[in-house]
Amino acid sequence: MKVLKKIIRRQQDIYNTQIPVIAFIGDSVTQGCFECEAVGENSLTTVFDSKSGYVKRFEEIMSLLYPCVQIDYVNAGMNGADTSTGLNNLEQNVLSHRPDLVVVSFGLNDSVKGEEGIEQYKKNLGEMFDKILSIGSEAIFLTQNYMCDHTSHTLKDKLFIDLSKDFAKIQNDGLLDKYFEEAIKECDERNIKVCDVRKTWKLMKDNHVDTTELLANKLNHPVRELHYYMAIKLLEKMFED
248 MKVLKKIIRR QQDIYNTQIP VIAFIGDSVT QGCFECEAVG ENSLTTVFDS
298 KSGYVKRFEE IMSLLYPCVQ IDYVNAGMNG ADTSTGLNNL EQNVLSHRPD
348 LVVVSFGLND SVKGEEGIEQ YKKNLGEMFD KILSIGSEAI FLTQNYMCDH
398 TSHTLKDKLF IDLSKDFAKI QNDGLLDKYF EEAIKECDER NIKVCDVRKT
448 WKLMKDNHVD TTELLANKLN HPVRELHYYM AIKLLEKMFE D
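Numbering (this note's numbering) for the sequence shown: 248 to 488.
FYI, nobody ran anything at the bench for these hints, they're computed from the structure.
Note that beta-carbon positions come from the ideal geometry of N, C-alpha and C, so glycine has one too.
Warning: the hint list may mix true and false statements.
What the hints assert, rightly or not - Straight-line C-alpha distance at most 30 Å; calculated DSSO-like pairs for lysine-lysine: (1) 369 x 303; (2) 452 x 416; (3) 403 x 369; (4) 446 x 370; (5) 369 x 416; (6) 405 x 370; (7) 369 x 412; (8) 484 x 403; (9) 452 x 298; (10) 369 x 446; (11) 425 x 449; (12) 303 x 484; (13) 432 x 252; (14) 370 x 360; (15) 412 x 452; (16) 416 x 253; (17) 480 x 403; (18) 405 x 360; (19) 378 x 452; (20) 360 x 249; (21) 412 x 378; (22) 416 x 405; (23) 484 x 425; (24) 425 x 253; (25) 252 x 452; (26) 370 x 449; (27) 480 x 298; (28) 412 x 253; (29) 252 x 378.
Stated by the list, open to error - DEER-style ranges, computed between Cβ atoms: (30) 421 x 472: 20 to 30 Å; (31) 265 x 380: 11 to 21 Å; (32) 265 x 381: 17 to 27 Å; (33) 425 x 315: 40 to 50 Å; (34) 312 x 289: 17 to 27 Å.
When you get a sec, could you build the whole thing from the sequences and use the hints?
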């Protein structure tokens with residue numbers, strides 16, 4: 248990737264090479280959200296722990312590999328964001344930084360709109376990709392984790408139990424898969440790399456792993472340890488020819 252070549256040039260000559268910029272845009276998983284707690288009967292609050300999120304883990308690994316290279320990172324992940332939110336905030340929060348690479352990761356929140364939301368999801372992603380590419384930036388699309396597929400025995404609050412049932416239906420009906428299938432088609436049309444971590448969640452599920460218990464909130468936020476995996480898979484994708 249061009250961004251990797253720029254990083255290598257910077258490593259060889261820090262005085263005459265611009266500082267590379269890598270940006271991330273997505274939802275609460277990108278922002279670094281984990282556990283959730285009920286606030287009253289119909290609302291919840293989220294535990295933010297950005298230092299444990301995959302964006303920070305990616306930064307840490309890159310610092311280990313290229314210790315002499317300063318890289319600027321932009322985390323434009325937003326709790327509750329979907330592709331409409333992302334598209335509306337793309338210029339202000341991402342493109343204004345003139346990134347060399349943008350990692351895009353949406354789908355979890357879009358999928359709650361059902362089958363009828365797929366076309367808008369595709370349209371929004373396509374516009375995002377086109378805007379990113381138009382400024383000369385590269386892009387990687389990061390698929391996402393499974394939602395819960397049942398109600399965890401650890402959930403006691405009615406709000407969370409109800410949400411888990413809604414999310415499990417999306418997961419078990421294959422709706423989230425349909426969203427990501429369409430996203431990958433949009434990437435293929437533009438030769439955008441796909442970092443498909445969702446494949447690993449499928450492999451785990453096929454091998455009788457309780458993937459619901461790998462969610463920090465037992466709904467849709469992966470546990471901290473799996474953010475390391477996401478960071479490593481992104482690095483591998485960036486290193487591919």
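Each hint tested on the structure:
Distance restraint check for residue 369 and residue 303: the Cα-Cα separation of roughly 28 Å lies within the 30 Å cut-off, and the hinted pair is therefore satisfied. Annotation: proposed proximity of residue 452 to residue 416 holds, straight-line Cα distance about 16 Å (limit 30 Å). Note on residue 403 and residue 369: the hinted pairing is violated, with a Cα-Cα distance of about 36 Å set against a maximum of 30 Å. About 24 Å separates the Cα atoms of residue 446 and residue 370, which keeps this hinted pair within 30 Å; it holds.
At most 30 Å may separate the alpha-carbon atoms for a hinted pair to count; residue 369 and residue 416 meet this at roughly 22 Å. With a C-alpha separation of about 35 Å, the suggested pair residue 405 and residue 370 falls outside the 30 Å cut-off, and the hint is violated. A distance of roughly 26 Å separates the Cα atoms of residue 369 and residue 412; the hinted pair therefore holds under the 30 Å criterion. For the proposed pair residue 484 and residue 403, the alpha carbon gap of about 39 Å is over 30 Å, so the pair is violated.
Taking the CA atoms of residue 452 and residue 298, the gap is near 28 Å; set against the 30 Å cutoff, the hint holds. Distance restraint check for residue 369 and residue 446: the Cα-Cα separation of roughly 20 Å lies within the 30 Å cut-off, and the hinted pair is therefore satisfied. Restraint check: the Cα-Cα separation between residue 425 and residue 449 comes to about 14 Å, which is no more than 30 Å; the hinted pair holds. Proposed proximity of residue 303 and residue 484 is supported: the alpha carbons are some 17 Å apart, at most 30 Å.
For the proposed pair residue 432 and residue 252, the alpha carbon gap of about 27 Å is at most 30 Å, so the pair holds. Only pairs whose Cα atoms come within 30 Å are accepted, and residue 370 paired with residue 360 is accepted, the gap being roughly 15 Å. Straight-line distance between C-alpha atoms of residue 412 and residue 452 comes to about 18 Å, which keeps the hinted pair within the 30 Å bound. A distance of roughly 44 Å separates the Cα atoms of residue 416 and residue 253; the hinted pair therefore is violated under the 30 Å criterion.
Of the supplied pair hints, the one linking residue 480 and residue 403 is violated, its CA atoms being roughly 34 Å apart against a limit of 30 Å. Annotation: proposed proximity of residue 405 to residue 360 holds, straight-line Cα distance about 22 Å (limit 30 Å). The straight-line distance between the Cα atoms of residue 378 and residue 452 is roughly 36 Å, outside the 30 Å bound, and the hint therefore fails. With a C-alpha separation of about 36 Å, the suggested pairing of residue 360 with residue 249 is violated against the 30 Å cut-off.
Restraint check for residue 412 and residue 378: the C-alpha separation of about 36 Å exceeds 30 Å, so the hint is violated. Between residue 416 and residue 405, the direct Cα distance comes to roughly 17 Å. Compliance with the 30 Å bound is thereby established for this hinted pair. Straight-line distance between C-alpha atoms of residue 484 and residue 425 comes to about 23 Å, which keeps the hinted pair within the 30 Å bound. Restraint check: the Cα-Cα separation between residue 425 and residue 253 comes to about 36 Å, which exceeds 30 Å; the hinted pair is violated.
Between residue 252 and residue 452 the CA atoms are separated by roughly 37 Å; this puts the pair beyond 30 Å, and the hint is violated. Note on residue 370 and residue 449: the hinted pairing holds, with a Cα-Cα distance of about 26 Å set against a maximum of 30 Å. The straight-line distance between the Cα atoms of residue 480 and residue 298 is roughly 18 Å, inside the 30 Å bound, and the hint therefore holds. For the given pair, residue 412 sits about 46 Å from residue 253 by alpha-carbon distance, which is inconsistent with the 30 Å threshold.
The straight-line distance between the Cα atoms of residue 252 and residue 378 is roughly 22 Å, inside the 30 Å bound, and the hint therefore holds. Between residue 421 and residue 472, the C-beta spacing of about 27 Å keeps the proposed range 20 to 30 Å intact. Separated by about 19 Å at the C-beta atoms, residue 265 and residue 380 satisfy the suggested range of 11 to 21 Å. In this structure, residue 265 and residue 381 meet the distance hint of 17 to 27 Å, their C-beta atoms being roughly 19 Å apart.
As the Cβ distance of residue 425 to residue 315 is approximately 45 Å, the hint placing it in 40 to 50 Å holds. Range check, residue 312 to residue 289: about 46 Å between beta-carbon atoms, so the 17 to 27 Å window is missed.
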